[in-house]
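Chains X and U are the protein sequences, given in the same order. If you're matching positions, the first sequence starts at 85 in the numbering used here and goes up one per residue. If you're matching positions, the second sequence starts at 85 in the numbering used here and goes up one per residue.
Derived from the structure by calculation, the hints contain no laboratory data. Worth double-checking, as some hints may not be accurate.
Copies of one chain are not kept apart here, so a pair can be met inside one copy or by any two copies together.
Here are the simulated SDA-like cross-link-like pairs (lysine to any residue), alpha carbons at most 25 angstroms apart as the crow flies [claimed, not checked]:
(1) Lys98 x Ala155
(2) Lys98 x Asp203
(3) Lys117 x Ser106
(4) Lys117 x Gly171
(5) Lys98 x Ala113
(6) Lys117 x Trp174
(7) Lys98 x Arg211
(8) Lys98 x Gln116
(9) Lys98 x Ala197
(10) Lys98 x Arg109
(11) Lys98 x Gly190
(12) Lys98 x Gly171
(13) Lys117 x Pro201
(14) Lys117 x Arg178
(15) Lys117 x Ser194
(16) Lys117 x Leu95
(17) Lys117 x Gly101
(18) Lys98 x Gly191
A quick note: this is a predicted structure, and the numbers were derived from the prediction, not measured.
Number of protein chains: 2
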Amino acid sequence: MGPELERLILLLGKLPGLGPRSARRAALALLQKRDSVMRPLAEAMAAAAEAIRPCSVCGNLDTTDPCGLCADERRDRATICVVETVGDLWALERAHAHQGVYHVLGGTLSALAGQRPDDLAIEGLVRRVAAGGVREVILATSATVDGQTTAHYVAERLRESGIALSRLSHGVPVGGELGYLDDGTLTAALASRRPA
Amino acid sequence: MGPELERLILLLGKLPGLGPRSARRAALALLQKRDSVMRPLAEAMAAAAEAIRPCSVCGNLDTTDPCGLCADERRDRATICVVETVGDLWALERAHAHQGVYHVLGGTLSALAGQRPDDLAIEGLVRRVAAGGVREVILATSATVDGQTTAHYVAERLRESGIALSRLSHGVPVGGELGYLDDGTLTAALASRRPA
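Looking at chain X on its own, in the form it has when it is part of the complex:
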């Protein structure tokens, strides 16, 4: 195995979801699809590295700044959905779940990982709200301890602005079978039960 190949395998192994073994398998697959996948992927990667930047307004990744979502006149700019990561933003967009705009925090507060408020894009959010025109901020952080702590902290920071603050509801996932759900979800679903 030449140094080119070893380097390729080493770098592929840094992708999430690929360990050393699957990186080797991926390298082999690439070499077997040299013209249909390997060269185009190398070019797409170089092009994306060049073109894609974080949006200075919301933190989304796009080729334009402000990003396509922030620039879109049809989106409701009075409703900001606060998410932890760009991946979460994409998930909500795929589901067409939100018609407003976003704000990407860049993670959660975490005592364990040493993530402090200054490490997240919280100041930018406070400034966006202070600039006016915002009616509601939806705190769409994860239903984890760190996610909920973060939502709580952000809510406190925005409290005096007087705008509406909301969180995602907890409950049984759509299509979820009760028998497979964890106790926390079951308890939350029961506690926030609604009239049938």
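Guided by the hints, dock chain U onto chain X, whose structure is given.
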């Protein structure tokens, strides 16, 4: 999400082990490690696509032809280990299990997948053996129906050359617990038991 990003995710999803969801996650991770991973990986991929070719003797992938293993004077050229894929060759090399040379078939015979003898590098192997200097061919194909069929076919093709033909032994994997083994392996391990 711009077209550059969509194209990157689409191409990443063609890697084995990455589905559409994990391709998105990988694209995000790449964009977050633009200089340490994304650009180097793009370059490593382009460089490998340019430099790495199949060895005309054994089918291994390397930057030289013949490959490093075929060119290595210290390897025993009288012993050819026949494997299905370059990945299998790498696995044997990682284990330092074989001191001879290799021959990569490029798959197995398969009635289902329509893989016929002409689709595999069997003629090349027959010619290597006919050229002389080979003492033994080890048929290191998978312990699957297709793998064993292929080994059987290759053995028949080499039978009249008069050289020694061997196969890998079946048995309990090193470190394997009996309780977790399948019936086929247990039966094989018992049938090929050896004096203690």
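Hints versus structure:
1. Lys98 x Ala155: neither (33 angstroms within a copy, 32 angstroms between copies)
2. Lys98 x Asp203: within (23 angstroms within a copy, 34 angstroms between copies)
3. Lys117 x Ser106: Answer is both; intra-copy 16 angstroms and inter-copy 20 angstroms each pass.
4. Lys117 x Gly171: between (28 angstroms within a copy, 15 angstroms between copies)
5. Lys98 x Ala113: both (17 angstroms within a copy, 9 angstroms between copies)
6. Lys117 x Trp174: The answer is between: 19 angstroms across copies meets 25 angstroms, while 29 angstroms in one copy does not.
7. Lys98 x Arg211: Neither: 36 angstroms inside a copy, 41 angstroms across copies.
8. Lys98 x Gln116: Result: close both inside a copy and across copies, 21 angstroms intra and 12 angstroms inter.
9. Lys98 x Ala197: Intra 20 angstroms, inter 33 angstroms, cutoff 25 angstroms: intra-copy only.
10. Lys98 x Arg109: Classified as both: same-chain Cα gap 14 angstroms, cross-chain 12 angstroms, threshold 25 angstroms.
11. Lys98 x Gly190: Only inside one copy: Lys98 and Gly190 sit 20 angstroms apart there, 28 angstroms across copies, limit 25 angstroms.
12. Lys98 x Gly171: This pair counts as both: shortest intra-copy Cα distance 18 angstroms, inter-copy 20 angstroms.
13. Lys117 x Pro201: Only across copies: Lys117 and Pro201 sit 22 angstroms apart there, 45 angstroms inside one copy, limit 25 angstroms.
14. Lys117 x Arg178: Cα proximity of Lys117 and Arg178: across copies only (24 angstroms, versus 30 angstroms in one copy).
15. Lys117 x Ser194: This pair counts as between: shortest inter-copy Cα distance 21 angstroms, intra-copy 42 angstroms.
16. Lys117 x Leu95: The answer is both: 18 angstroms in one copy and 11 angstroms across copies each meet 25 angstroms.
17. Lys117 x Gly101: both (21 angstroms within a copy, 15 angstroms between copies)
18. Lys98 x Gly191: This pair counts as within: shortest intra-copy Cα distance 20 angstroms, inter-copy 28 angstroms.
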